[in-house]
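**Q** In terms of the numbering used here, the sequence shown is residues 6 to 302.
You may find that some hints are simply not true.
Dumping the calculated BS3-like pairs for lysine-lysine here, alpha-carbon to alpha-carbon at most 30 Å [claimed, not checked]:
(1) Lys205 to Lys270
(2) Lys185 to Lys200
(3) Lys160 to Lys67
(4) Lys136 to Lys122
(5) Lys124 to Lys139
(6) Lys55 to Lys124
(7) Lys188 to Lys160
(8) Lys205 to Lys130
(9) Lys209 to Lys284
(10) Lys200 to Lys142
(11) Lys13 to Lys60
(12) Lys188 to Lys136
(13) Lys44 to Lys64
(14) Lys139 to Lys55
(15) Lys130 to Lys209
(16) Lys287 to Lys220
(17) Lys122 to Lys13
(18) Lys270 to Lys185
Hints are computed from structural coordinates only; laboratory data are not their basis.
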Amino acid sequence: MKAKNYTKTLSILLDLINRFYTGENLTTADIENIYGISKRSAQRYIGYLKEAGFKINSKNRKYYLENIIDEDKEMIFEAIESIAKNAGIEKEILPLLKQLKLISEENIFYSKLDIEKIKPVTFRKIEEAIKNRKLIKMKYKMDNELYDMEIKPLKISNFEGYWYVNALNHQDNYRAYHIKSIKHLEVTDDSFEVKEDILKNLDKAVNIWYDPTAKPFTVELFADEYATKYLERIPISKTQQIIKNNDGTSTIYLEITHTNEIIRKILMWIPNLKVIEPKWLKEKIEGLIKEYFTSIC
Numbered sequence: 006m007k008a009k010n011y012t013k014t015l016s017i018l019l020d021l022i023n024r025f026y027t028g029e030n031l032t033t034a035d036i037e038n039i040y041g042i043s044k045r046s047a048q049r050y051i052g053y054l055k056e057a058g059f060k061i062n063s064k065n066r067k068y069y070l071e072n073i074i075d076e077d078k079e080m081i082f083e084a085i086e087s088i089a090k091n092a093g094i095e096k097e098i099l100p101l102l103k104q105l106k107l108i109s110e111e112n113i114f115y116s117k118l119d120i121e122k123i124k125p126v127t128f129r130k131i132e133e134a135i136k137n138r139k140l141i142k143m144k145y146k147m148d149n150e151l152y153d154m155e156i157k158p159l160k161i162s163n164f165e166g167y168w169y170v171n172a173l174n175h176q177d178n179y180r181a182y183h184i185k186s187i188k189h190l191e192v193t194d195d196s197f198e199v200k201e202d203i204l205k206n207l208d209k210a211v212n213i214w215y216d217p218t219a220k221p222f223t224v225e226l227f228a229d230e231y232a233t234k235y236l237e238r239i240p241i242s243k244t245q246q247i248i249k250n251n252d253g254t255s256t257i258y259l260e261i262t263h264t265n266e267i268i269r270k271i272l273m274w275i276p277n278l279k280v281i282e283p284k285w286l287k288e289k290i291e292g293l294i295k296e297y298f299t300s301i302c
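Let the hints inform the model, and build the full structure from the sequences given.
**A** Structure (structure tokens):
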């Protein structure tokens, strides 16, 4: 394998790990279709995971991950390291892994990822509905009340550790529904259609406030040298554009669909990040800061 292909290889393998971890059972043909690869490549990827220590078994020609326990998750970096060795891309991957791990003789690492746990069967039902474009009927808990709802599921997402299903309601209004607040979920036989541009726009989501059906507006921010360094590494959104200045500061442009989509991000970065445009957003941020200081005085 050529080094330039390592990104694709690792992305497929890590996605496979995620699918197996959430309870999916996959045939070789499923893997071929999902990633657009040959049967031989699909079998090779399964082999990589087995050699890396993942307990992959098969039944009725379907592969699944056996004995999923919390302790297994702590071995993820070592597993990726083993995958890299087997894939022949160790030199390219190990420097990245070392940045994520605490370097010690025991190869100990720490990763702070607080993600709420969802039953695999729930993920499978929602995934089935998304793949087959089937309506979901459910009871949804809000303010300690249960409401009967019917939604058109589009994607499953995770924002700040919480799981959501991105969907349209019966009026085709978009919303992100908290999966743990869904009760008595039922995948119906009723089909629905959705515009492709809505699905593509979902990849631009910053948090649950993003609306793929809304017309975006541009936000212009000033970032000091400190904020610029980190926002270059992890952009606020896929629409982010950074124009760096000679002194290390920068101007950042973003496309946003809802005010709340960006406000929390800006507040998190104060005083390293400031709003330039639009003026009304700048005034809203200033108002929130004044309100905070007034409340504690």
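**Q** Does Lys13 pair with Lys60 here, judged by a C-alpha cut-off of 30 Å?
**A** Given pair Lys13, Lys60 holds - Cα atoms ~23 Å apart, limit 30 Å.
**Q** Taken at face value, is the distance from the CA of Lys130 to the CA of Lys205 at most 30 Å?
**A** holds (22 Å)
**Q** Is Lys188 close enough to Lys136, meaning Cα to Cα at most 30 Å?
**A** OK: Lys188 and Lys136 at ~21 Å, within 30 Å.
**Q** When you check the alpha-carbon spacing of Lys287 and Lys220, does it fall within 30 Å?
**A** holds (20 Å)
**Q** Are the Cα atoms of Lys122 and Lys13 separated by 30 Å or less?
**A** At roughly 28 Å apart (the allowed maximum being 30 Å), Lys13 and Lys122 satisfy the hint.
**Q** Holds or violated: Lys124 with Lys139, Cα cutoff 30 Å?
**A** Within the cut-off at roughly 20 Å; holds.
**Q** For a C-alpha distance cap of 30 Å, please report whether Lys200 and Lys142 respect it.
**A** holds (21 Å)
**Q** For the pair supplied as a hint, Lys185 and Lys200, confirm whether the alpha-carbon distance does not exceed 30 Å.
**A** Holds - the C-alpha atoms of Lys200 and Lys185 are around 27 Å apart, at most 30 Å.
**Q** Can you confirm whether the C-alpha distance between Lys160 and Lys67 stays at or below 30 Å?
**A** Roughly 24 Å between the alpha carbons, so the hint for Lys160 and Lys67 holds.
**Q** Is the straight-line distance between the alpha-carbon of Lys209 and that of Lys284 30 Å or less?
**A** holds (23 Å)
**Q** Below or equal to 30 Å on CA atoms is what counts here, so check Lys55 against Lys124.
**A** holds (24 Å)
**Q** Taking only the CA atoms, is the gap from Lys270 to Lys185 under or equal to 30 Å?
**A** holds (25 Å)
Hint 14 from the earlier list is the only one contradicted by this structure; the remaining hints agree with it.
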